[in-house]
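Undergrad: Residue numbers (numbering that gives the first Met the number 0), protein chains in the order written: chain W, 0 to 327; chain Y, 0 to 440.
Note that these hints are calculated values from the structure, not bench results.
Just so it is clear, CB atoms sit at the ideal spot from N, CA and C, and this is done for glycine as well.
A hint or two may mislead.
DSBU-like cross-link-like pairs, simulated, lysine-lysine; straight-line CA separation at most 30 Å [unchecked claim]:
id	chain 1	residue 1	chain 2	residue 2
1	W	Lys46	W	Lys197
2	Y	Lys278	Y	Lys434
3	Y	Lys228	Y	Lys278
4	Y	Lys228	Y	Lys317
5	Y	Lys278	Y	Lys206
6	W	Lys253	Y	Lys434
7	W	Lys99	W	Lys290
8	Y	Lys342	W	Lys253
9	Y	Lys228	Y	Lys385
10	Y	Lys206	Y	Lys253
11	Y	Lys253	Y	Lys85
12	Y	Lys20	Y	Lys342
13	W	Lys99	W	Lys46
14	W	Lys253	Y	Lys157
15	Y	Lys85	W	Lys290
16	W	Lys197	Y	Lys157
17	Y	Lys344	W	Lys316
18	W	Lys316	W	Lys290
Stretch-level coverage of chain Y by chain W, calculated; a stretch enters the list once three of its residues show a Cβ under 8 Å from a Cβ in chain W [what the hints assert, rightly or not]:
id	stretch
19	128-138
20	146-156
If you want the building blocks of each chain, they are given just below.
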Amino acid sequence: MAEITLIEGIRQAMDEELARDERVFIVGEDVGPRGGVFRATLELFEKYGPERVIDSPLAELSIVGIGVGAALYGARPICEIQFADFIHPAFNQIVNEAAKMCYRSNGEWTVPMVIRAPYGGGIGGGLYHSQSVEAFFTHVPGLKVVIPSTPYDAKGLLKSAVRDPNPVMFFEPKKGYRLIRGEVPEEEEVLVPIGPAKVTRAGTDLSVFAYGMMHYYCLQAAEQVASEGIEVEVVDIRTLLPIDMDTLLGSVEKTAKALIVYEDNLTGGYGAEIAARLADQAFTMLDAPIKRLAGPDIPAMPYSHPLQDWFMPDPEKIAVAMRDLASY
Amino acid sequence: MASEVIMPQLGESVVEGTVMKWLKGEGDAIAEFEALLEVNTDKVDTEIPAPSSGILLRVYVEEGQTVSAGTVLAMIGEAGEEVPTKVPSQPETSVMTETEAVPQVSSAAQAVAVPSAQVGRSKALGFISPVVARIAGEHGVDLQQVRGTGRGGRITKKDVLAYLESGAIADSAVPPWEEPALGELFRPTEEVFGVKQGSIPGTEVLKPGSVIPHTPVRRSIAEHMLRSKQVSPHVSTFMEVDLSRVVAHRQTNKAIFARDGVNLTFTAYFLAASVQALKAVPQVNASWSDEGVVLHEAVNIGMAVSLGADGLIVPVIKGAEQLSLLALSAALNDLAERARGRKLKPEEVQGGTFTITNHGISGSLFATPIISQPQAAILGVGAIQKRVVAIEVPDPAGGSMDAFAIRPMVYLTLTFDHRLLDGAIADAFLGTIVKTLENWA
Chain W
0 MAEITLIEGI
10 RQAMDEELAR
20 DERVFIVGED
30 VGPRGGVFRA
40 TLELFEKYGP
50 ERVIDSPLAE
60 LSIVGIGVGA
70 ALYGARPICE
80 IQFADFIHPA
90 FNQIVNEAAK
100 MCYRSNGEWT
110 VPMVIRAPYG
120 GGIGGGLYHS
130 QSVEAFFTHV
140 PGLKVVIPST
150 PYDAKGLLKS
160 AVRDPNPVMF
170 FEPKKGYRLI
180 RGEVPEEEEV
190 LVPIGPAKVT
200 RAGTDLSVFA
210 YGMMHYYCLQ
220 AAEQVASEGI
230 EVEVVDIRTL
240 LPIDMDTLLG
250 SVEKTAKALI
260 VYEDNLTGGY
270 GAEIAARLAD
280 QAFTMLDAPI
290 KRLAGPDIPA
300 MPYSHPLQDW
310 FMPDPEKIAV
320 AMRDLASY
Chain Y
0 MASEVIMPQL
10 GESVVEGTVM
20 KWLKGEGDAI
30 AEFEALLEVN
40 TDKVDTEIPA
50 PSSGILLRVY
60 VEEGQTVSAG
70 TVLAMIGEAG
80 EEVPTKVPSQ
90 PETSVMTETE
100 AVPQVSSAAQ
110 AVAVPSAQVG
120 RSKALGFISP
130 VVARIAGEHG
140 VDLQQVRGTG
150 RGGRITKKDV
160 LAYLESGAIA
170 DSAVPPWEEP
180 ALGELFRPTE
190 EVFGVKQGSI
200 PGTEVLKPGS
210 VIPHTPVRRS
220 IAEHMLRSKQ
230 VSPHVSTFME
240 VDLSRVVAHR
250 QTNKAIFARD
260 GVNLTFTAYF
270 LAASVQALKA
280 VPQVNASWSD
290 EGVVLHEAVN
300 IGMAVSLGAD
310 GLIVPVIKGA
320 EQLSLLALSA
330 ALNDLAERAR
340 GRKLKPEEVQ
350 GGTFTITNHG
360 ISGSLFATPI
370 ISQPQAAILG
380 VGAIQKRVVA
390 IEVPDPAGGS
400 MDAFAIRPMV
410 YLTLTFDHRL
420 LDGAIADAFL
430 GTIVKTLENW
440 A
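Bound conformation, chain Y alone:
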């Protein structure tokens, strides 16, 4: 009895998904739980595992097609088993009993071309070993470009490593959220995510006069941004922070955190300071409703992660009010890593009560981000820059005098929903973040 592969509902409000890529072709053998296809929804990209072991008998939904949750995508069964040629009409319909006889699916002839970074045999490349597939996947290597020196011209692990070392492609395996001042958050996106041609992400292969088809992520961003601006009167307020103490603290603790396998980033400090401020000013950890302002118990902070040309995604750190700087850092590392690997679970991008966005990643000093509905506010973090500031220092006479100092400075933006919050509260909130960061101990 063949079993159906069904488009799952990947999250509460997600009703449809797009088949991005079939990892197996018709006629291929597949084991239960082995990844069968990649699906893209407006919330998350994910792999769908095979519901049972057997032969992939028929694929009903082609790559690029968007279908609603519950649609039968494919059938898996024993070789030679008969399955309908067309999509069984309803998800619930039982399959294959009275449909017309179907020609047996031949194996090799109809098998789809194996993508280059997939384990197995590729006509063009020969055998791709698991480790080669993994390295190629992690670094975005186009294996067609790698010269194989193994048996029969096979690409070996050494070949792909040599290719990477040759600098043929920008190493995209830079750990996310690291070294903001030098690293990801405050480096140009293309440096972080790698760009093959052209210098601005997302501009490769763009032909003037052509139309770029919308991806589900693009549509979703468009819809959410527009809705947010429509429902909520946005007001932005700016403050600047002297990060001297944070920089010093991070310097001292980076190695200690590293012993626990955690990369301590500046982002973790902004996150921790936001948690403090959200606790001090609970009106910000809130949502508008017709009945009144809903104050949330948990502090769930979304962190915008750029996916380069593919838009952005906002994984949420749940229960952030209960986490230490170490735990926040670890959670950040993990979520950002998986966001970039498209490995987030749907629930991990939902339920945020506040959001932080690091527009400083691409050198921006100020920005006025859009609130992620139904939250009350969003914090924008600019690029950290050393600037000359006026400070007061003790003078020899026992009083104080003004002096120039060079300090690591950053501008913070709080964009808030004026329905819930007034300027004074918003400034008190942002001021708490500033104070926390400037007095970090």
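The following block holds chain W by itself, in its conformation from the complex:
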């Protein structure tokens, strides 16, 4: 089994899906000969040609618009938004067209499309290359929202996303692209179903729910506090919409305490939805308030490194929150 990076998992997924199904194509900025700014599409242009790996203009609205139209005509587009920060011009296409098509045509038409977008900060990207946008889309029924945190899940979930008959928002933790490595088998096909969350570390003292880069940090923080005798159960949400409450409730039943960690700013972030559902469905299991650790409510990730560090939840901050909740 080979150890690969998260972005290599994504590249392999697209490579395999392009080879498997000729309806699959990629459209996005610099995805062609350049191989994408993060090299997610490296050498795919050479392998599959300009009709299946298409460089688009700098216009996100048209990237998604092309995807919606092509999908309705039977293609399986993978739209790459270079940075999630720039997805907003395409918001109308995603929310009003892609998400509603199946519903408004009474199931006659669907939009089998994946929108990939690197999200998140901590990479010195400043205001416009660091944003977390998942909560805008988890609010929209008709979409699926997926965020992997390991190379294995990145590959397996992206392949499932390409095969899904309806639109899937696939957000990738860009800070983890090369930082997060993991084993992915070469000899067998890797497919991870959209939907289930995963308990990635078993524990008894508190449950921590996270996704993407924060999940990676939560595992590190859990290691830290384990040496102090605090056993944290870590759950990788993986699919934000639809959410796998069974796994979350099973964990809280065991630990009676829940901490939700996300990088997006606190108010109205995705963790708010988890907290609300736990307050509703896990009330009589709880031995402590449901806690959230998230980015501060300021307009954007600062460019200055010290301020960026202040913004980002990291293993140290997460460990502090874990200790605090464990001692409640």
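Please build the complex by placing chain Y on the supplied structure of chain W, with the hints as guidance.
TA: Chain Y in isolation, oriented as in the chain W frame:
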């Protein structure tokens, strides 16, 4: 505008109820549908939810007081709103318009002490979390006895679990109706329901020379028992059953039922056999009336559930003739569970056409139970015991010979109303139950 909290009519014939416990004190905030108080009637104990959100402005009926249905119990409204100091005279009367000015209800000062197992803040115990309250409630833990290790001495889930594990109290969370031979039905009541001091349920804190005040349940039992004996000439008949086949069947199917989340108990077999017999002998599924004997269409079987010192309650399995052994078991599990949790709805203890009582629960072999009026009969189930019985076995010559065998045996009693039923019919009925159980397949 403040809204009234009214004593509801909890069942057709229930005209009054006793306020057992206020779950909120004056000045406390409460949300619509949140449990506000516990009420006890002669049929059922239940929680009354708040009819609206707001502040509990005034409580008119104290704990322990019995009032008729429709009485205003309390007022809920906005903080500072004026409400009458005394119970508004009639249930229908509109409130608060022309009454004298009332001093504003102060919040903390008049708030009642929070019971230990209630979610929220308790002066003595600090914050009680939902899960701690739940566990304490389920296991009858007195939280005063639990040492808190959480922040500020708070009792954590781990603390209360550790307390339970230490064996400080008998675990009362044994699922009801389980494992009769070893379990609930045929175990001493105190073992099942737990007794803190003393060994006989209901004898704790009894001082000779004192008077135990009647609870509504006690009064109701007394009244019903006396009435039944007065109106109906009771006759009892006994038969014994070899439960070998039932035991074997249960052994085979217990795990299968468990996969559906159902605990298969011996009680379910007695229930199923009774249903068969009631169908075969419909005169027993009947009631006396002046015009004639009313034969009931549905088979609704009441199951007496002991509540320990608090008396007993008889939840009814409706339409039992339509239920499989699995469905009967599931219904039994559910009703008994909720009976013990005081969560039965009033209609769930009404409408029975036949009753089964498991006096074997406390080791009794025979009993002559009293018929639950207006039913025609009641089946008493004794303790299952292994006994030596004489049986016939094939002999080598091809004939048969007598032998001793050890068999799980039980005595069944049928107490019947001689107005409706004669001995022959009653015996035919009880015999059908015996045959069904002995030939269980």
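Undergrad: For which of the previously enumerated hints does the structure constitute a violation, in increasing order of number?
TA: Violated hints: 1, 5, 6, 7, 9, 10, 11, 13, 15 and 17; rest satisfied.
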